[in-house]
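*Asks:* These protein sequences, in sequence, are chains A and B.
Its first residue numbered 1, the first sequence is counted upward by one per residue in UniProt numbering.
Its first residue numbered 1, the second sequence is counted upward by one per residue in UniProt numbering.
It is worth saying that the hints were derived from the structure and are not from the lab.
The C-beta atom is built at its ideal place from N, Cα and C for all residues, glycine as well.
Just so you know, not all the hints are guaranteed correct.
[Claimed, not checked] Footprint (simulated), chain A over chain B, 3 or more residues, beta carbon under 8 Å:
1. 95-104
2. 299-306
3. 354-361
[As the list claims (entries may be wrong)] One-sided excerpt, in silico: chain B residues whose CB lies under 7 Å from chain A:
4. Glu129
5. Glu328
6. Gly345
7. Gly387
2 protein chains.
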Amino acid sequence: MKPLPEALRASIGARVDLIDTPALVVDLDAMERNIQRMAEFARKHRVRWRPHAKMHKSAELALLMQQAGAQGVCVQKVAEAEALAAGGVNDIYISNQVVAGPKLLRTARLAAQLAARGGRLAIAVDSPEGIERLAEAMVLAGGEASIDVFVEIDVGQGRCGVPPGEAAVPLAQAIARHAPRLRFAGLQAYHGRAQHLPGMAERREAIAGVVRAAADTRQRIEAAGIPVPLITGSGTGTLVHEAASGVYGELQAGSFLFMDADYARNEREPAQPQFEHALFVKTQVISVCDTHAVCDAGHKSHAIDSGLPVVALLPPDRALRYANGGDEHGLLHAESPKTRLPALGRMLWLIPGHCDPTVNLHDHLIGVRGGLALGTVERIIRVDARGALT
Amino acid sequence: MKPLPEALRASIGARVDLIDTPALVVDLDAMERNIQRMAEFARKHRVRWRPHAKMHKSAELALLMQQAGAQGVCVQKVAEAEALAAGGVNDIYISNQVVAGPKLLRTARLAAQLAARGGRLAIAVDSPEGIERLAEAMVLAGGEASIDVFVEIDVGQGRCGVPPGEAAVPLAQAIARHAPRLRFAGLQAYHGRAQHLPGMAERREAIAGVVRAAADTRQRIEAAGIPVPLITGSGTGTLVHEAASGVYGELQAGSFLFMDADYARNEREPAQPQFEHALFVKTQVISVCDTHAVCDAGHKSHAIDSGLPVVALLPPDRALRYANGGDEHGLLHAESPKTRLPALGRMLWLIPGHCDPTVNLHDHLIGVRGGLALGTVERIIRVDARGALT
Chain A
1 MKPLPEALRA SIGARVDLID TPALVVDLDA MERNIQRMAE FARKHRVRWR PHAKMHKSAE
61 LALLMQQAGA QGVCVQKVAE AEALAAGGVN DIYISNQVVA GPKLLRTARL AAQLAARGGR
121 LAIAVDSPEG IERLAEAMVL AGGEASIDVF VEIDVGQGRC GVPPGEAAVP LAQAIARHAP
181 RLRFAGLQAY HGRAQHLPGM AERREAIAGV VRAAADTRQR IEAAGIPVPL ITGSGTGTLV
241 HEAASGVYGE LQAGSFLFMD ADYARNEREP AQPQFEHALF VKTQVISVCD THAVCDAGHK
301 SHAIDSGLPV VALLPPDRAL RYANGGDEHG LLHAESPKTR LPALGRMLWL IPGHCDPTVN
361 LHDHLIGVRG GLALGTVERI IRVDARGALT
Chain B
1 MKPLPEALRA SIGARVDLID TPALVVDLDA MERNIQRMAE FARKHRVRWR PHAKMHKSAE
61 LALLMQQAGA QGVCVQKVAE AEALAAGGVN DIYISNQVVA GPKLLRTARL AAQLAARGGR
121 LAIAVDSPEG IERLAEAMVL AGGEASIDVF VEIDVGQGRC GVPPGEAAVP LAQAIARHAP
181 RLRFAGLQAY HGRAQHLPGM AERREAIAGV VRAAADTRQR IEAAGIPVPL ITGSGTGTLV
241 HEAASGVYGE LQAGSFLFMD ADYARNEREP AQPQFEHALF VKTQVISVCD THAVCDAGHK
301 SHAIDSGLPV VALLPPDRAL RYANGGDEHG LLHAESPKTR LPALGRMLWL IPGHCDPTVN
361 LHDHLIGVRG GLALGTVERI IRVDARGALT
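Assemble the whole structure, with the sequences as input and the hints as a guide.
*Replies:* Structural data, given as structure tokens:
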């Protein structure tokens with residue numbers, strides 16, 4: 001693993017106000033409270049949690065959550081799995097379709113590596129051809145390793161997956177025919193769009209349909225004589241429903257760790273743990289004129305696919321609205337005519353609209369202990385799988 | 001500089017169809033034609049070109065354009081300047097506001113380094129305080145190095161810069177007072193939004209106003225007894241106007257090198273060189289159902305701030321429309337009911353909506369010679385300043 005850049009290593013122990021901008025900063029206290037709340041929630045509902053590492057992409061954070069009770073990680077890419085395995089994560093589920101020969105050979109090699117150290121690898125499929133390609137790669141890679149295989153059903157996302165119900169049965173059978181190299185592990189059933197529905201009632205209704213579809217699919221596969229060990233899915237927006245369903249055995253929620261402006265805008269279920277914002281872009285005012293100020297964080301510092309960032313931690317009479325200023329700039333407008341614009345050099349904190357692609361813009365997260373006002377840099381967290389696309 | 005990853009090094013000489021996905025691929029022939037067209041355009045108009053490296057972030061590409069006649073590079077960040085200087089670029093202009101003490105000290109150090117090897121560094125300012133901070137850093141850094149300083153005027157972008165006209169005069173005077181460490185180098189006058197106006201007439205009108213404002217500001221500064229050596233600005237969307245103005249001495253256009261879907265949608269001036277798309281995301285179909293196919297490139301592979309990518313290089317009866325499938329997926333819909341969806345594993349080429357933040361998602365560009373159908377990988381181009389935010 002690459003050594004930490006000198007400037008970053010030197011920053012450990014420094015006061016928060018010395019962190020140069022723009023920088024992606026984690027409030028470690030808030031993050032750890034989020035982990036404890038999630039661990040407690042999962043224990044209470046007797047459900048496993050396998051947080052999605054496509055969000056944080058960091059072996060260090062994956063292992064931290066495992067210590068708190070998490071069951072390994074989900075990832076979306078073989079390269080993410082490789083990066084996290086290199087960082088010590090042993091239980092990895094690629095919750096996505098992989099069909100390219102070279103990637104499937106890497107998958108097979110990783111399955112053998114993880115098995116050799118007592119871990120395991122799982123993957124999702126949604127087509128007979130995908131299953132055949134995977135089985136072929138496992139044979140080609142040689143050795144005795146096996147891989148857990150989930151059948152993905154489309155429970156409303158409209159992306160990958162076969163329709164729920166009968167269509168999943170031949171896939172489960174095809175996987176079973178390739179035993180012991182492939183092990184049918186259950187159903188991947190994730191409704192991503194439901195996570196972001198703003199209202200409680202619409203999320204509850206969407207997930208009720210998801211749960212019925214998943215339960216029905218399981219029943220049909222089991223009627224064909226194949227046990228369905230697990231149904232896995234869910235996210236931060238709807239986890240109360242999957243957890244209470246009695247059907248889902250595992251939650252894949254990842255964003256709870258940091259939260260973002262998009263999730264925070266939605267109506268919160270009373271039963272949902274009160275997750276806090278723990279991820280911030282620290283930025284600085286570099287220009288001021290009569291009408292606005294300009295900060296040094298644009299959409300190369302934070303992703304804007306789920307909306308612009310929110311300017312945090314300001315008293316109401318200093319509230320600022322962030323407007324898009326392009327790749328390297330943010331425009332800061334006063335929320336009311338009485339608001340005084342911030343001075344040149346003033347440090348500000350942004351809550352990103354969407355944590356996953358924001359983290360992917362950065363090589364490191366700066367972990368702060370003791371709060372964003374008076375805290376100090378405790379550690380630098382590597383984004384091991386940044387840019388791991390293949 | 002970091003060695004190239006083994007897998008990438010091994011790919012040199014490989015056929016295009018063996019490039020794993022998603023990957024950012026440069027059509028080197030098309031790119032080199034774009035460079036020749038730009039060089040010829042600048043020669044014809046007797047104007048310098050200093051392409052913005054915030055787009056490609058690569059020392060290799062910066063030096064390639066210098067060989068074709070470009071005058072160094074523009075960048076937006078001190079860290080970008082440092083990365084390109086480390087890669088051998090000697091003439092660098094930070095066309096942005098920098099006010100933080102640590103960054104200004106790095107700027108001063110870089111100015112000395114570049115001067116020592118016969119190069120030079122320039123920077124923009126838009127406030128008296130910014131000038132004082134810069135001058136202080138140059139003194140603190142010691143040595144005899146000086147820095148070129150441009151006064152940024154806001155010619156319609158509504159971001160940084162003082163209003164054109166009288167407000168720029170005291171800034172030019174303040175810089176002159178700090179001679180010889182600061183050298184007043186002219187005016188930074190860039191109208192970013194005008195680049196993306198779709199119609200020819202509206203772009204022409206916007207830049208006519210820009211040119212008047214810049215010329216008026218120059219006249220006022222020169223009336224105060226300070227020569228204005230250069231007016232610099234412009235971009236790929238409007239360069240015909242600044243080049244023909246007789247007022248601009250330098251063009252900062254960067255996107256012409258690769259072009260993107262956003263620029264290509266706009267009405268093209270007849271006088272504008274016919275720049276070609278040279279940057280593509282190679283992607284692959286990983287799931288197919290009755291209604292759509294899914295590819296493995298989402299907005300972690302390409303930026304979507306200026307719209308979704310366009311699916312390129314398909315015959316009309318196979319045309320596909322890309323819809324947002326989230327961080328790791330793209331949804332491919334048939335353009336007409338008769339279109340057959342692509343098969344599992346089918347390779348496709350996307351033209352990104354916006355080249356700058358797309359390049360910033362990738363550590364390397366894969367340079368292909370001989371076209372995207374039958375070509376081979378000629379070289380791997382490092383994105384030296386990827387993630388260089390500070």
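*Asks:* Against this structure, judge whether each hint is valid.
*Replies:* How the hints compare with the structure:
Here's how the stretch 95-104 of chain B fares: 7 of its residues keep a CB closer than 8 Å to some CB of chain A, so the rule of at least three is met and the hint holds. For the stretch 299-306 of chain B, the stated coverage by chain A holds: 6 residues have a C-beta nearer than 8 Å to a C-beta of that chain, and at least 3 were required. For the stretch 354-361 of chain B, the assignment as covered by chain A holds, since 4 residues bring a beta-carbon within under 8 Å of that chain's beta-carbons and 3 suffice. For B/Glu129, the shortest C-beta to C-beta distance to chain A is roughly 5 Å, which falls under 7 Å, so the interface hint holds.
Among the interface hints, the one on B/Glu328 holds; its C-beta lies about 4 Å from the nearest C-beta in chain A, closer than the 7 Å criterion. The beta carbon of B/Gly345 is positioned within 7 Å of a beta carbon in chain A (closest approach about 5 Å), and the interface hint is therefore held. Interface restraint check for B/Gly387: the shortest CB-CB distance to chain A comes to about 6 Å, inside 7 Å, so the restraint holds.
Against the hints set out earlier in the document, no violation occurs for any number.
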